[in-house]
Every structure is written in C-alpha cells, then in structure tokens.
Amino acid sequence: MSQNISGDRVEKKVTIDDVARRCGVSKTTVSRCLNHKYDNISTETVERIERVIRELDFRPNRTAQRLKSRHTQLIGCSLGDVTNPFSALLLKGLTQVLEQAGYQVLFSDSGEQPGRERAAIEGFLENKVDGLIVNTTGGNDSYLLDIKARGVPIVLADRSLPGETQIDTVIAADKEAARECVEQLLRLGYRRIAYFTEGDGLIMPRLRRREGYEQAIAALCPGQIPLIYSYDAKAPGACAAAVRSFLDAFPGERKAILAVNGVTAQHLITALQEAQISVGYALGFITFDDWFWLKLTPPGISAVALESEKIGAEAARLLLRRIEAGEGQTFPPELRELPAPLHLRASTTDKDRVF
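Numbering-wise, this note's numbering comes out as the position in the sequence shown, counting from 1, plus 34.
Be a bit skeptical, because a hint or two may be false.
[Claimed, not checked] Straight-line C-alpha distance at most 25 Å; calculated BS3-like pairs for lysine-lysine: (1) K329 - K344; (2) K61 - K71; (3) K268 - K126; (4) K126 - K385; (5) K47 - K61; (6) K182 - K162.
[Unchecked claim] Simulated restraints on C-beta separations: (7) F326 - E287: 31 to 37 Å; (8) Q249 - T199: 39 to 45 Å; (9) A183 - E287: 39 to 45 Å; (10) F326 - P260: 28 to 34 Å; (11) I75 - G235: 46 to 52 Å; (12) N69 - G271: 37 to 43 Å; (13) F326 - L372: 24 to 30 Å; (14) T199 - E287: 36 to 42 Å; (15) F284 - G185: 35 to 41 Å; (16) K61 - A359: 25 to 31 Å; (17) A183 - Q258: 40 to 46 Å.
Keep in mind that the hints were calculated from the coordinates and are not lab data.
We treat Cβ as the ideally placed atom computed from N, Cα and C, and that holds for glycine.
Full structure from sequences and hints, please.
Pasting the structure below:
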C-alpha cells in the first residue's frame, strides 16, 4: 500500500482493495462500478460501493485505468467564445457531469473562427479523446459530419447544424422563445418591435431566434415587415446609430427591442444610457441570456433564460450515452431541446410610470 508522508504524520492512501473489503465485494465489482458497467450488479450494491467511496474519499488512479483500457477518459470541448458568460456556464455544466463519470475535459476557445475550431479538434483527436462536445462556429459542418462518420462520439452543444439532425445535439427552444417575446410585447401594448443583432452569420441559435421573431411578426402583425437591425460591434457608434434609426422611424408609437443575446444587450443598454433613453413603458426591452446583472440594471431587464449550464450537462449525458454504447451503435442522432423561459421585468410594462 502506498503512503503519503508529511512531517511525522503517515497517511495511508486508500486503494480499491480497501473499498472492496469494506463493501464485502470483489475488487472486480468495484472496478466495474467505477467504469459505470452495472450489468448484473444490484442497485443496493452499487449504492453501497458509492457510499463507501465517499466515506473513504477514494480517488481512482486514472492514469493506471487508461493504461489498462483503450479509453483515455478524456473529452475534448471546443467553445465558441470563452469570454461570453454563456460559454463559461456551458463548460461548468458539462464538466460537472463528465468529471463525476470519471472523465477529464480538455477545452479550447475557437474565438468564433472556424480555422481555430478545426485545429483544436484535430489536437483533441491526436490526444485520443473518447469523445467531443462542440459549440460550433458554424463553419465546419462537413468536417464535423466526417468526424462522426469516422465513429468518433460527438455532440453539438447549443449550436446545431442546419436542417435535419445529423449529429446528437442539445439546444434551447430559441424559436419558440422568440415568438413568445413578440406575443408578450404585443400584449403589453408595444406596436413596433425590432430585432437587434451584431450579425447572425452561421450561428444557428441566432438564426433560430431571428426566424422565430419573423414568424411571429408575420402571424401577429399583418401588414408590418420585420424590423431587423444588424450593426458592426467593432465600429464605434454603430449600435447607437442603429438604435436612433429605429426610434426615429416611428415617432409617437410605443416601441420595443428584442436583443439576440446578452452581448448585444450590453451594447444596446450602454447606447441607451449614453443617450439618456430609459426603457419601460415607451421603449420596451427584452434580451436572450438572463445574466445576473440584468436583474440589477434599472429598472430590471426582461430576459429569456437559456440555462446554458443545463445545456452543457445534457450534452455531456448524451455524449456518455454514445461512448458507453461503443462501436456499432445503431440509435439515430438525437435532438434534445430544453425550455427557455421568459422572465418579464419592468423593462417591459403596460404601466406608464417613471423609474
């Protein structure tokens, strides 16, 4: 038995044999539980083993496990933009699930650049990862399909491929949420609703939200055309100019803005504050991404909660299902769509009051 020596204190390292003896089972049974192979092991035995592992604070030697197995216990994760709070929460959710299952996560930041995304994935594959979770830029669709065709377990998180589901994917109900935003704004008395974005590009969640907005305007506002304002976030004053263009186009009418995501919301709120324009009764405001600061920004900003941590966790579970199925898996690609609830606050109101 190995020992950790610190000063005069000798601390024995807990081994798999210790766990097996405490549980009254074989070392093989403990090993199978650690590798999530529960066939022919009773639920009571699994729970007893897991309880003893916690009590003894047993930590498996993952390096030794990898040497004995054809699996590396490594997962590669490519994120679109790690500076975006959405990506951080997505990573948190998937990491918690994968680490609990005995995997380590390698992650990269593509910076929304398809070339960087592809290079990172190639690096993951060279390190023999057991699977991939990709928050794709949208510029590597054929490449991702080729990876899947090679038999590499892969799941797309938040960002799907266009059209039919060809790779396991977890998304939020973006389109339905956008339609609900329009419906609620109309119910509150706003008559001109504009969709603001930095540019949707090939990023599918943005395209789904835009489609949901356009469908709602067509169905609920006969005779109106969708008001799409796309601005260059790198150009000074571009966001403010887009906002002013919208406000000036419909004098005397109650108007509202739907922001495609939290980053766009930041730009818009900054532009509105600099112009000393308040949101609320005269100008409604809703954004996707219910980030914590939106509750603190006066008067409280209405937002769609995308629950990115849950998306990451669900993507991890779907990937584990693929990995455990092994080669020859036959079940078709799956699309899991998670709810995206709308939280209304005082930035959208039918009460004419000043904050």
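Results of checking the hints against the structure:
1. K329 - K344: Holds. K329 to K344 sits at ~20 Å (cutoff 25 Å).
2. K61 - K71: holds, 14 Å
3. K268 - K126: At roughly 29 Å apart (the allowed maximum being 25 Å), K126 and K268 break the hint.
4. K126 - K385: violated, 39 Å
5. K47 - K61: OK: K47 and K61 at ~16 Å, within 25 Å.
6. K182 - K162: Distance of about 15 Å is within 25 Å: holds.
7. F326 - E287: 31 to 37 Å: This hint holds: roughly 32 Å between Cβ atoms.
8. Q249 - T199: 39 to 45 Å: Since Q249 and T199 have Cβ atoms about 20 Å apart, the given range 39 to 45 Å is violated.
9. A183 - E287: 39 to 45 Å: The hint (39 to 45 Å, Cβ to Cβ) is violated, given that A183 and E287 are roughly 53 Å apart.
10. F326 - P260: 28 to 34 Å: Roughly 31 Å apart at Cβ, these two residues keep to the hinted range, so it holds.
11. I75 - G235: 46 to 52 Å: holds, 49 Å
12. N69 - G271: 37 to 43 Å: Violated: the Cβ-Cβ distance is about 57 Å, outside 37 to 43 Å.
13. F326 - L372: 24 to 30 Å: violated, 20 Å
14. T199 - E287: 36 to 42 Å: Because 41 Å falls inside the window, the suggested range holds.
15. F284 - G185: 35 to 41 Å: Hint violated: Cβ distance 55 Å, outside 35 to 41 Å.
16. K61 - A359: 25 to 31 Å: holds, 26 Å
17. A183 - Q258: 40 to 46 Å: holds, 45 Å
Comparing the model with each numbered hint stated earlier shows that hints 3, 4, 8, 9, 12, 13 and 15 do not hold.
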